[in-house]
Structure formats: C-alpha cells, structure tokens
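Chemist: Sequence:
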Amino acid sequence: MTYTDNKFKYIQVFFLILGFGLSLFYAQHQILTGDQTQMLYKGYMGAYHDSWSSFGNAASVVGNVPGSMISFAVGLPIMLYDSPWSPMLVLIFLHLFSYLLLDNVLKDIFKNDLRLVFLVIYWLNPWFLFENILYNPSYLFFFSALHLWTAYQQREKSSFLYATLHVMSIGFALQFHYSWLILAIISLYLIFRNMVKINWFGVAFGILLVGASLVPYALEFLHNEAIRHNPNVKKGERYIGWGGVHVYPVLKSFIYWLRYGSFFFPNKLIASAHFEWLGASVVVQTIFVYLYKALVFSIGVLSIYISYKANKAFYESVKKSAFQRKAVISSKEEWLLLYVFGALFGVFISSILSPIIFSYWHLIIVFPFAIIPFLVYFQTFSQKYLKKFLLFVTLYFLLINIMGAMDSRKYAWDRNYAEDVTAYVAKIIKSPL
Numbered sequence: 001m002t003y004t005d006n007k008f009k010y011i012q013v014f015f016l017i018l019g020f021g022l023s024l025f026y027a028q029h030q031i032l033t034g035d036q037t038q039m040l041y042k043g044y045m046g047a048y049h050d051s052w053s054s055f056g057n058a059a060s061v062v063g064n065v066p067g068s069m070i071s072f073a074v075g076l077p078i079m080l081y082d083s084p085w086s087p088m089l090v091l092i093f094l095h096l097f098s099y100l101l102l103d104n105v106l107k108d109i110f111k112n113d114l115r116l117v118f119l120v121i122y123w124l125n126p127w128f129l130f131e132n133i134l135y136n137p138s139y140l141f142f143f144s145a146l147h148l149w150t151a152y153q154q155r156e157k158s159s160f161l162y163a164t165l166h167v168m169s170i171g172f173a174l175q176f177h178y179s180w181l182i183l184a185i186i187s188l189y190l191i192f193r194n195m196v197k198i199n200w201f202g203v204a205f206g207i208l209l210v211g212a213s214l215v216p217y218a219l220e221f222l223h224n225e226a227i228r229h230n231p232n233v234k235k236g237e238r239y240i241g242w243g244g245v246h247v248y249p250v251l252k253s254f255i256y257w258l259r260y261g262s263f264f265f266p267n268k269l270i271a272s273a274h275f276e277w278l279g280a281s282v283v284v285q286t287i288f289v290y291l292y293k294a295l296v297f298s299i300g301v302l303s304i305y306i307s308y309k310a311n312k313a314f315y316e317s318v319k320k321s322a323f324q325r326k327a328v329i330s331s332k333e334e335w336l337l338l339y340v341f342g343a344l345f346g347v348f349i350s351s352i353l354s355p356i357i358f359s360y361w362h363l364i365i366v367f368p369f370a371i372i373p374f375l376v377y378f379q380t381f382s383q384k385y386l387k388k389f390l391l392f393v394t395l396y397f398l399l400i401n402i403m404g405a406m407d408s409r410k411y412a413w414d415r416n417y418a419e420d421v422t423a424y425v426a427k428i429i430k431s432p433l
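Position 112 of the sequence shown, counted from 1, bears residue number 112 in the working numbering, the numbering being contiguous throughout.
For the record, the hints were derived by calculation from the structure and aren't laboratory data. We put the CB at the ideal spot given by N, CA and C, even for glycine. Just so you know, nobody snuck in bad clues.
No farther apart than 27 Å at their CA atoms in a straight line, the calculated lysine-lysine pairs in the DSS-like style are these:
id, residue 1, residue 2
1, Lys319, Lys197
2, Lys293, Lys309
3, Lys312, Lys111
4, Lys7, Lys384
5, Lys332, Lys309
6, Lys197, Lys320
7, Lys9, Lys387
8, Lys7, Lys332
9, Lys197, Lys157
10, Lys319, Lys309
11, Lys312, Lys388
12, Lys388, Lys111
13, Lys320, Lys157
14, Lys384, Lys107
15, Lys252, Lys320
16, Lys332, Lys319
17, Lys388, Lys293
Label pairs and their calculated CB-CB ranges:
id, residue 1, residue 2, range
18, Leu76, Thr380, 42 to 48 Å
19, Asn104, Leu76, 23 to 29 Å
20, Tyr290, Lys197, 55 to 61 Å
21, Gln324, Ile402, 46 to 52 Å
22, Asp414, Thr394, 25 to 31 Å
With the sequences and hints as input, model every part of the structure.
Modeler: Dropping the structure here:
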C-alpha cells in the first residue's frame, strides 16, 4: 500500500501527538533517584544562585562527564520559566526534533510506507520512550539524529554550516555521556570511506566552539581530583582497553545492537512489573505478572530472531564495500547502510576501549541507527503486511509503554514528578537568593 503525502501527514500528526502524550505520561511518573538529582542540583544551582557546574554527572569508572551542558540543559529552561516541567519539556522537544531530523533523511531515501514504519518503531518504541526521564543519556537521541542529518547533507557538497553542526553534535554529546566516542568513530569512518565532502573551516570552527565550552572544565580538572575518576574504583583496576581483554563486553555490545532492533526491551522496563496498582489480591497480581512476562518475553525472543535476520541481510549487503575506500556508492540507501555499518563499527571499537561492561544506556546513542536494518529488511514485506504490522506494533507498544510508565524500575503509578522535584529543591537548594 502506498500512502500519499497528504495522507502520510495526517497519520504522522496522529502518531506524533500519541507519542508526545506518552512522553508526558512517562515524565510525570518518573521515580526521582540520584541520576536525576545530580542534574537537578546542577541546574537549579545555576538558575537560582548563578553557580554553574563545569562538569556533569558522575560516570561509572572514569569520573564526571566534562562540560557544563547538563547544567545548562536543566538550568536555562528554569530561568525561562521556573517549573520542574521546564527542563522535561525541553528534553521531550529534543526527542521530537530527533525524529524530525531522522525523517528528513529517510524521506529522501524511502517511500512513505517505510517512513510510517519508522515513525512507529522509533517514536512509539519503548526503548525510546523509556528515556523520557531527566537523565543524561536521554539527551543523546538528539545528537545522534543531528550527526546523521548533518552527515547526509554533506554527501555531495561541502558546507561550513553543516560541518560546524556535525562537529558540535559530537562535542556536545561528549558533555552528556562518554558514548560520544561512537559518533566520532562514525565520522572518521565517513571520511575514510569518502562518504562526505568536508569543509575543514567548518570543522575547525566547530572544534573551536566545543573547545571554548570546555575551558571551565579543563581548569576544574587541573585542581579537582574528585572529578577525574570514580573514588569507588581502585586506580589501575579498570583501564582503557579493558573491554578488549575481556571478551564478554564486546559480545554484550553486539547483543544490545540486536536488541535495539527488536522488541526485547530492557529488564528495568519489563522485569519490575508487580501490578500493585490493580488493588487486587496477591494471587491475582502474581497471575498478571506471569501472563505479562510470558507475553513480552515470547514476543521479545521472536523479535530478536527477526532482528538477527535483518542484520544478517544488512551485513551481506555492505560487507564487500564497507572498507573499500574507492568503491562507488550506487544509491542513497547504500550510503545510509554504510553509515549504519559505521555505527556498528563504532560500537565494536568503543566496547574494546571501554573500562566497563556496557549496559543498555551506555549504547542508547546508536538506537536510531540500530533499527535501520529492520526498516530496510521490512521493505520486502511492506506491500502485504504493512497495515497488520502497524496495527500490531502500535497496540503492543501502547501496552508496554503504559505498563512501563506505571510499573517499572524507573517509573511508578503513584509518583508525581513535579511534586517530588519541588520537595527536593525546597530541601536541598532552597529559593533564589
């Protein structure tokens, strides 16, 4: 079935509104933990007391994330309008912009049918919506999308503006999470494979802007040993290249790549459901728990197999030309698939270099790219199964998202984000001077 541009726009608006509502639902019920309070403290201290932190959240092993972007991401919206919802709405709109940037690339490559599939499996995906929480990895979708979009704009013509934005997508992602390295590796791969026309003046200007934003951090780094490494980890216990010495971290990173392209969602979303909100007996709650887990794990396992098939087909399509510098790229779709291969290569290299075993949020930056192999794989079945697929996925995602926002490790039906933040601010940060 082919969707006209007008029909696609109507359907697109409907799904965007639906996803936006689910985003608000998630955000409202988030459980406030140390992940959020680190950001809230930095943001409110900046907004209320003009004390802007030069470093971000604490990382697992290697110290705090560099730069002030986390403080600005929370503090500037609060200065604009003093409400706990201000930084959350900024995050949700960044998620929306990430979809629009990605769709802008895809509409130049695929028909509306596949754009609609992407809309549903990205914008309504529980992997994506589960990150509507004030947490630094949640911001990475925007930088991933900006990276791909700016790279695509430089396929045939160099541009000072797009080169600058491309470098900034990497440099500002660095100030939210250490997985920025994957974007940098993708860029190096694009240059190696002659997939972009580089404007070196734009690259230099982007580096200058990013470097200037990191000057306060550099000064702090010289005098504050606490932000250089995690005090709970012994020096020398973890090191750059640790993941390559221990094989499992590399294998696990590939498993996450397959899972991002499947419906096998994180345990924090699924495994913590208890159905206490039903108000029923423990026996009834237990029955629902087992039925729910049986459903999601059955569909999850099946979808992992489909993700494997899609990625196998994807690899077969690019393996001959992936490292052939002078090989001609015959189509826009091939360019996109090679970009995705660059992302997969980035996951491989970063997992080797990593001093930790990755969890799903450490690699969430590649989620938008990991679903592309399935999107391309589905082209063969689109004509016959499109409507049935969209109906099933929409209903299934609705079920998972509603449960995730009410009954999971990070969200609970009886929590109120705005009230919890207000209480935290009154207790820890207090009112503006």
